[in-house]
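Peer 1: Just so you know, the sequences run in chain order A and B.
If you read the first sequence in this note's numbering, its first letter stands for residue 2, the second for the next number, and so on.
If you read the second sequence in this note's numbering, its first letter stands for residue 2, the second for the next number, and so on.
FYI, nobody ran anything at the bench for these hints, they're computed from the structure.
Careful, some of the hints might be misleading.
Stated by the list, open to error - Pair by pair, the computed Cβ-Cβ distance ranges are: (1) B:100 x A:185: 39 to 47 Å; (2) A:101 x B:242: 48 to 56 Å; (3) A:105 x B:282: 29 to 37 Å; (4) A:51 x B:59: 38 to 46 Å; (5) B:321 x A:121: 28 to 36 Å; (6) B:68 x A:147: 42 to 50 Å.
Here the structure is a predicted model, which means the values were calculated and not measured.
Note that CB positions come from ideal geometry on N, CA and C, so glycine has one too.
There are 2 protein chains.
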Amino acid sequence: MPVVLLLVLSWLIGASGAGAPTFAADPAPTSKAAPGLHSWNEGPARKAITDFVGRVTKQGSKDFVPAAERIAVFDNDGTLWSEQPLYCQLAFALDRVKALAPQHPEWKETEPFKAVLAGDLKAAMASAEKGIVGMVMTTHTGMTTEEFTRTVNDWIGTAKHPKSGRLYTGMVYQPMLELLAYLRDNGFKTFIVSGGGVEFMRPWVERVYGIPPEQVVGSRGKLKFEMRGDQPVVLKLPEIDLVDDGPGKPVGIQQCIGRRPIAAFGNSDGDLQMLQWTTSGSGPRFALIVHHTDDVREVAYDRQSPIGKLDKAWDEATARGWTVVDMKKDWKQIFPPEMK
Amino acid sequence: MPVVLLLVLSWLIGASGAGAPTFAADPAPTSKAAPGLHSWNEGPARKAITDFVGRVTKQGSKDFVPAAERIAVFDNDGTLWSEQPLYCQLAFALDRVKALAPQHPEWKETEPFKAVLAGDLKAAMASAEKGIVGMVMTTHTGMTTEEFTRTVNDWIGTAKHPKSGRLYTGMVYQPMLELLAYLRDNGFKTFIVSGGGVEFMRPWVERVYGIPPEQVVGSRGKLKFEMRGDQPVVLKLPEIDLVDDGPGKPVGIQQCIGRRPIAAFGNSDGDLQMLQWTTSGSGPRFALIVHHTDDVREVAYDRQSPIGKLDKAWDEATARGWTVVDMKKDWKQIFPPEMK
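Full structure from sequences and hints, please.
Peer 2: Below is the structure:
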């Protein structure tokens, strides 16, 4: 995640003045119980989805795909939930620096911790990549996987999105929740394939997306098994094992799924290779890009955005006829009704 | 796999004289369609299995485990199929050396290839670890994942076990096939967690065990995504990424499953840490070791065997009350009826 974090921090600096995005209130909540794609307006995106699912599930059709091969992969940040104004995992890392600071008095004099603790992200950025990597490594490693899971659960249960004031888990896209359920109802197995840390996502994605931990592929650090007395533990080491972003996504898919997906869903250039890999297999294939066009209900961004830059993948979508969702036009509602 | 391969080769040398194991014919085939654990004799092993499954699936019981958490992990070599007189994957590697030799005239003068081509495994062994690693790397990498899959499929469809003359896929254990199906019928999700190469297993395990590729964890090499013209490929690189054996098994489980199993099945010291990791979680837990005791219908081996050594894990099973299958006593039948 160091490259991603650098991008985020540079963007935060650029956006630290005026112009930080705001989130408009949702339209009146609709019932979550309504089946199907009820938050999707009629239009080419919705039709492309239902046409594809119709073709691959129709017994006897030349495009029929057995259920076991109906693998669908979803990017997370910007595809299933909001990634603006900052990746949720970065907010987590910054909060961890603050929480761990009392045990690390040396951080008061060590960048990037010093700058983070002073709320000065510009200075944090100036300490360059090595410092940022150190920050993530320090706050995400040196503990057992179970200790880390507890920390994530504690944080995600209370941390609020800086603009909407909702829990981060309330910043998921209602139409995508419906799409996940619709695909599963049609025999698909849904996976997350994200640049985010796999150990950061697994504690909550089953509850939020209905996707079990074993169907989450993400960036990961190296792990080590050891016995502590007669208790075995798995330790998180401060070494990167896979950056599951860009060309790392087909690698993560091959390592952990081992079967080429037939449908892929993303929103940025970090998803380009996953979309290429998915669509170049034989038989029916589907690729969809979520285009952030709604600056009232969410944030509008694409070619120039340091977070979720959509440039090459957009050109490729146009050239290859991939489905592009226009969030403003295609989605009746962005976020689910807020849970009380 | 280099350590494993060294062990195998040293064992092959030791066993190159008399005493190589033979496989007796099976008893009269029973119907594969019969449901349940029909190849298991009544006894403590069968009872331990059915008691555990009964407890974790009984709604309202204090030991009830929701279906989503019923993760069961199985070692492959020696647990689901025979690993004697040599690991199937080693037979594959040796055959690949022979098949690729015409394109590598230099192998006639390069160890360990020279010795393998001359059928002299003792000399191959003498070329030491580096040479063996080179052999596996050369025969398993430098190609796309799809090319490798085709090679495995071609080989596994025709290669015969050296003693029984059966296809290797006919060397699976009928009682374990029944156990896999029984667990799945009771809401378990069954995974393979093997020291074998994940790309070697995935092409055939769904057909043979009913376990889909995405539920296979194994040793793996590094991969690389690249475009060849407008066609994306994933290349197998000659670098080891994970040795999924011994302490590597809990690491592979955490990386690819991300949830601690509640039941684990193995046969050797290479499974010890997986069994420890599985049984040390909270709530009901189950561990089982397949003990190779039948020198008539298969091969009897344990503490001294270079392949599938069962020593520390056996002691731990005794100390902790894990279930140990005595193949001779507990299994009515070892292999399935041969398919014609």
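Peer 1: For every hint, state whether the structure bears it out.
Peer 2: Hint check:
Range check, residue 100 (chain B) to residue 185 (chain A): Cβ separation about 43 Å, and the 39 to 47 Å hint holds. At roughly 31 Å, the beta carbons of residue 101 (chain A) and residue 242 (chain B) sit outside the given window of 48 to 56 Å. The beta-carbon spacing between residue 105 (chain A) and residue 282 (chain B), approximately 31 Å, falls within the hinted interval of 29 to 37 Å. Between residue 51 (chain A) and residue 59 (chain B) the beta carbon distance is about 41 Å. The supplied range of 38 to 46 Å therefore holds.
A hinted range of 28 to 36 Å is violated for the C-beta pair residue 321 (chain B) and residue 121 (chain A), which are about 54 Å apart. Checked against the given bound of 42 to 50 Å, the beta carbons of residue 68 (chain B) and residue 147 (chain A), roughly 22 Å apart, lie outside it.
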